[in-house]
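Engineer: The chain contents come next:
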Amino acid sequence: MSTEITGASSLVKSLEAAGVDVMFGIPGGAILPAYDPIYDSKIRHILVRHEQGAGHAATGYAQATGRTGVCIATSGPGATNLVTPLADAQMDSVPLVAITGQVPSAAIGTDAFQEADIRGVTMPITKHNYLITDPADIPRAIAEAFHIANTGRPGPVLVDIAKDALQKMTNFKYPKNIQLAGYKPQLKPNDQAIRDAAALIAQSSKPVLYVGGGIIKANASKELLRLAELIGAPVVTTLMARGAFPDSHALHLGMPGMHGTVAAVTALQKSDLLITLGARFDDRVTGKLSTFAVHAKVIHADIDPAEIGKNRFADVAVIGDLAQTITALIPAVQAEFKKSRPDLTPWLRQMNSLKATYPLGYNHPEDGSVSPQYVIERLGAIAGPDSIYVAGVGQHQMWASQFVKYEKPRTWLNSGGLGTMGYAVPAAMGAKVGMPDTTVWAIDGDGCFQMTNQELVTCALNNIPIKVAIINNESLGMVRQWQTMFYESRYSNTSLDSKRIPDFVKLADAMGCVGLRCDRTEDVDSVIHEAMSINDQPVVVDFSVFRDAMVWPMVAAGASNDDIMIARGLAPDWDSQEL
Amino acid sequence: MSQHTLAVLVENSPGVLARVASLFSRRAYNIDSLAVGPTENPDISRMTIVLNLDGHVLDQVMAQLYKLVNVIAISEMPLASTVHRELLLVKVSDKKSSDIHAVVEKFHATIVDETEGVITVEATGETSHIAKLLAALTPFGIKELVQSGLVALERGSAALSDRTLSAQGISTLHELGTQADYQN
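Same order as they appear, the protein sequences are chains A and B. Numbers 1 to 579, taken from this note's numbering, label the letters of the first sequence in order. Numbers 1001 to 1184, taken from this note's numbering, label the letters of the second sequence in order.
Incorrect hints may appear among the rest.
Said to hold, decoys possible - Calculated cross-link-like contacts (lysine-lysine; reagent style DSS-like; alpha-carbon spacing at most 25 angstroms):
id, chain 1, residue 1, chain 2, residue 2
1, A, K176, B, K1067
2, B, K1096, B, K1067
3, A, K297, A, K270
4, A, K13, A, K270
5, A, K184, B, K1067
6, A, K408, A, K339
7, A, K288, A, K270
8, A, K188, B, K1067
What the hints assert, rightly or not - From chain B, some residues computed to sit far from chain A (all C-beta separations above 12 angstroms):
id, residue
9, P1014
10, L1051
11, D1059
12, S1093
13, K1095
14, T1127
15, P1139
If you're looking for bench data, these hints aren't it; they were derived computationally from the structure. We treat Cβ as the ideally placed atom computed from N, Cα and C, and that holds for glycine.
Let the hints inform the model, and build the full structure from the sequences given.
Structural biologist: The structure is reproduced here in structure tokens:
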């Protein structure tokens, strides 16, 4: 006869049974019963300053470690503050479990104090969600939530628990096996699909490995490297896949898409076969879809069958875990190559010529101010490929994806799908909690930073010494760039004046961090080294940079990838390229 | 664009209709009709959804539906191999009562109520049958009508619920047609 415990205790024991070591959250009325057993639990609870911070921290933790991130909040506003991180995690396939308190079950539907139908609100932005009103259901719901969040295509799961279910007594029994009638991800790829894919690869003279974030979720970087070297095909890594394949590798052409390299964008456009691995033909990669890679056949390997044919027809679809898929594909390709093997030399020569002719680059500003690209490039060079880099959203994010050189998976975290400004500081916090011995740099914009910097207080108080580089161009820089290009430089509401107010150094100091400032090119290295030397406190560096720097190359929104520009009004010199 | 009928087995759990409706809404799929009801298994409900869309979009709709954790099995219900039925209840003015009775008889419909100058007719049948009946009744003056969504069942011994027992994910994906020919 087991002893009855409260639903709240059952929740905490369930989280412990699920292997949770840390969660990020804020208590409040409806979730308060759960916070009493949390007080005694071995699970580390990090008290954040805003629930959005809890959600992004859980995301950063998950993206850095591969484990499921956990956040916890109360009903009503606590829960609705998690909406943005949940939508973010859904778009970027991040395994997350969010626990929210709900008003007592008798009060549900009465517009009670701090009541919000968070299950209804988050239905379209979670992989699945629950509303629990019976304490006996808590262990099963938690076990299912972790199972769903971190299997198949990962994603966020919300478990909303009524306050009375937390207070009532119940028996705790954590389920050993999870059987869900409607949820059985297919992990093993189909043999025929693998053979068909291998046959297409053996016929292709212009193949490209189009690599997406799924490779990182599947921990399939090693397998990817073997496949790429076997085929000898060029590789492009999307924004979500930076680090999945070493930037230093000769076959790597860089990132495709709106701000991709000329070589990566052109490789996709001119290819006769896209070997698509865990990528989803996002509009930021394809540009105008009808003109995207028009000569290419498509192999589409993904764990999510709903991605097949969503945006682009797949000639061969391979549903399954990417590590298993590539492992099966390698011997199949070897067998095909024994029969015949196309000569990729001309194709590689063309792509290498583009890569050499159009490297990523930037000019130092004529007015002597600091180039933002230079700051980010130096940061990457000094902190090196073993550090984790976490970006916000905007120009600094694109430069961080371009000018930091990534060699390893899970060293580049960003909000790719949703494009959530304010992601960087809390996500860096979560990454540092998950990887405490790794240097974690948030590369943030002055606009983004002002959305979520309160979590630096959390970092300072909880011994989470992240480093933040504010790329301060006193503007909403990416929006300003679009205004420059498409709105006749009419800068409506994009000027933040953040070189005057706030004083980021004083703000950092007030939040218990070390604040540093850098506004001269010659000081960039020494300031980065100084920040690198401080490991017992969070550090914030305010890099005052050139305001009018732009992100290049660029394919304008809705334009064809064929119309890539390498600078304002300047297209690559296609005539000089043998394509 | 063409009409497609999907039978969807879902867990009989709170919010499942909202999940399906939310999916159709956010992905901009238009539903012509939707009918939900209990099945032989009290834990499972069955939805019949009629959609107007292109074939390749149908694959996408089915794949997206299948991603909902509460969705257990999906199958397209082509007219040729399934029985399709709708229910109609319609109130008609009884000024020409004998003519109405003749129409009702011709269409194998039933009169379920005759009160205060109004005849209420009940009919079941395929969509086209119901449409023809309605056209025949319209001249008499339709006061009010209500129609159920379409429901459909496969002819023969095959049952969608068989697929809920084992590996239904795989057999369901077989239904996805060309794009998913590679399912195990």
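Engineer: Tell me, in ascending order, the numbers of any earlier hints that this structure violates.
Structural biologist: Violated hints (numbers, rising): 2, 4, 6, 9, 11; every other hint is consistent with the structure.
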